[in-house]
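K.L.:
For the record, the sequence lines run as chains A and B.
Going left to right, the first sequence walks through residues 1 to 309 as the working numbering numbers them.
Going left to right, the second sequence walks through residues 1 to 309 as the working numbering numbers them.
Hints are supplied without guarantee of correctness; some may be wrong.
One copy or any two copies: either way a pair holds, since identical chains are not told apart in the list.
List time: in silico BS3-like cross-link candidates among lysine-lysine, alpha-carbon distance up to 25 Å [said to hold, decoys possible]:
{"id": "1", "residue 1": "Lys81", "residue 2": "Lys179"}
{"id": "2", "residue 1": "Lys154", "residue 2": "Lys59"}
{"id": "3", "residue 1": "Lys179", "residue 2": "Lys51"}
{"id": "4", "residue 1": "Lys265", "residue 2": "Lys51"}
{"id": "5", "residue 1": "Lys59", "residue 2": "Lys239"}
{"id": "6", "residue 1": "Lys228", "residue 2": "Lys239"}
These are computed hints drawn from the structure, not numbers from a lab.
These are the residues of each chain, in order.
2 protein chains.
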Amino acid sequence: MFPDSSRRDRWVAYIHDLQDEICAAVEETDGLARFREDRWQRAEGTGGGGKTRVIAGGKVFEKGGVNTSVVFGAVTDTMRKALHMEGHTWFACGLSLVLHPLNPFVPTVHANWRYFEIYTEDGQLSDSWFGGGCDLTPYYLFEEDARHFHRMLKAAMDSFGAGLYAQYKKECDRYFVNKHRGDECRGIGGVFYEHLRPADDADWERLFAFQQANGNQFIPAYIPIAAKRKDTAWLPEHKYWQEIRRGRYVEFNLVHDRGTLFGLKTDGRTESILMSLPPTVRFEYDHRPAPGSPEEQLLTVCRHPVDWV
Amino acid sequence: MFPDSSRRDRWVAYIHDLQDEICAAVEETDGLARFREDRWQRAEGTGGGGKTRVIAGGKVFEKGGVNTSVVFGAVTDTMRKALHMEGHTWFACGLSLVLHPLNPFVPTVHANWRYFEIYTEDGQLSDSWFGGGCDLTPYYLFEEDARHFHRMLKAAMDSFGAGLYAQYKKECDRYFVNKHRGDECRGIGGVFYEHLRPADDADWERLFAFQQANGNQFIPAYIPIAAKRKDTAWLPEHKYWQEIRRGRYVEFNLVHDRGTLFGLKTDGRTESILMSLPPTVRFEYDHRPAPGSPEEQLLTVCRHPVDWV
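Model the full assembly from the supplied sequences, consistent with the hints where possible.
P.N.:
Okay, here's the thing in structure tokens:
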């Protein structure tokens, strides 16, 4: 069906290795819960499938998923219209993860690394690109955690270009925004990039290495934060605030997130896409944290993104 | 700014009276909580405002809102694109309500009755229409409640045309659907209609009377069901299921609902729009009720709409 598969095969192999590594690190941090794996195939007329790995009811992670998918198909009218896609057929492979901790002092984390190929009607590769990102959504702000997370993301990028982190940090701050909430960011950001198109073979190798550097940095960027905060004592009022903020997470993912839209519009597997939604959520009319409270402090950095490095 | 206001004034007066009546009936049924009213004005450059009335923490109603708004403005590019609106300026007035009961055996209810006018650049009325609807979202199915609710909605419509209920019942079943969940309806439906355009003055009077008949039927259609089920004993497992189904309510409202979209795209008041979201919600990966359980029975009627009359 498609031309030379060597690029795709290498990316798929990397993504599956990374899935194994991240799941192992998450299970070790949790110390109780184990991932459950669901392998799925897309419906007839479409192609590919995925490995959805979900964790729930852990000591550290209340709910989470570390999913991979390798999918392909025809570019449909819906995709042309809703996603502005061109071409005849497409291939996409990526890893997408969200971890929702039980403890309100441990931040939620999201990451995604993906690779697309687009083909003409006669099966020629007409376009390809990498995309990715990783961002943190704390419920209470620990500045040292925010700095650690951003510094680690920056370190992974620096050898590929001095300005990359600054650029992709800004794109992240622009992307994960609840516009209907007065431009309130979902959390304290991270990095986000899309449409990194290889100019030639050497450039593809460079971008593949860039993706691996970012993907491999997830564990050292996030896991130490979870490990450090997981035993912090919390009260019902902290859980309450966590659930209010999780409501904003739901709003972003269902109203604004292009990844969710892509999945739902391409007849993706709904359960795998919506594993990103938090386990318990609270929607309260016009909730406002008390002036000067730690809750308001978090809101302030969501409304006014900070340069953490 | 706009031509003859007598139609608008009569509709606005009706909607405000209905808001008072419904709020009084809801408070009486609850027996504890009272509505809190927030009057708001739209930001500069736009016009109008609303009366948001929210109830929370009641004996019967865990969260709810009975909101009215009277808003107008210029048709923006966003509205042309996202909402396929035409014309130069618009006026909209409606009542929108959602009640989320505490007890999982009491159904959630939603209703909305609205009137739009569209004007040309020189201030001439170029289009106007009524829309409305009322639908029930139970967590456990009581067939007698479903029949009562639908019979009452039908009774309000029958004198305006023998086939209207059947037609608008079908439109409701088509509208409140989570397409991404394999065409699962949000609940057991009700009625839904849009773009009822008056042909002339007499027709406007007829449609206004139709709207009033439907609006006035809300209290006898819903309140007796809430009163009958509010003291039913429930267990944590019933609450759990209610919160899972509330998750589907969130998914519909944020992914599919045109009313929510209209509000968010026209810079509506976010807190008033999103008061529709349930107070506590649960998202669980791949939740499936046990075969033959009451939970599965509910799912069956959501997947295969029933003719309740």
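K.L.:
Is it within a copy, between copies, both, or neither that the alpha carbon of Lys154 lies no farther than 25 Å from that of Lys59?
P.N.:
neither (30 Å within a copy, 52 Å between copies)
K.L.:
Since the copies are identical, ignore which copy is meant and state whether Lys265 and Lys51 lie within 25 Å (CA to CA) inside a copy, between copies, both or neither.
P.N.:
For Lys265 and Lys51, only the intra-copy Cα distance (20 Å) is at most 25 Å; the inter-copy one is 36 Å.
K.L.:
Is it within, between, both or neither when you check Lys228 against Lys239 at 25 Å Cα-Cα?
P.N.:
within (18 Å within a copy, 34 Å between copies)
K.L.:
Which holds for Lys81 with Lys179 at a C-alpha limit of 25 Å: within a copy, between copies, both or neither?
P.N.:
Intra 22 Å, inter 18 Å, cutoff 25 Å: intra and inter.
K.L.:
With 25 Å as the alpha-carbon cut-off, assign the pair Lys59 and Lys239 to within, between, both or neither.
P.N.:
both (15 Å within a copy, 23 Å between copies)
K.L.:
Can you tell me if Lys179 and Lys51 fall within 25 Å by alpha carbon in one copy, between copies, both or neither?
P.N.:
For Lys179 and Lys51, the Cα distance is within 25 Å only across copies (23 Å; inside one copy 33 Å).
When the structure is compared with the earlier hints, a violation turns up for hint 2 alone.
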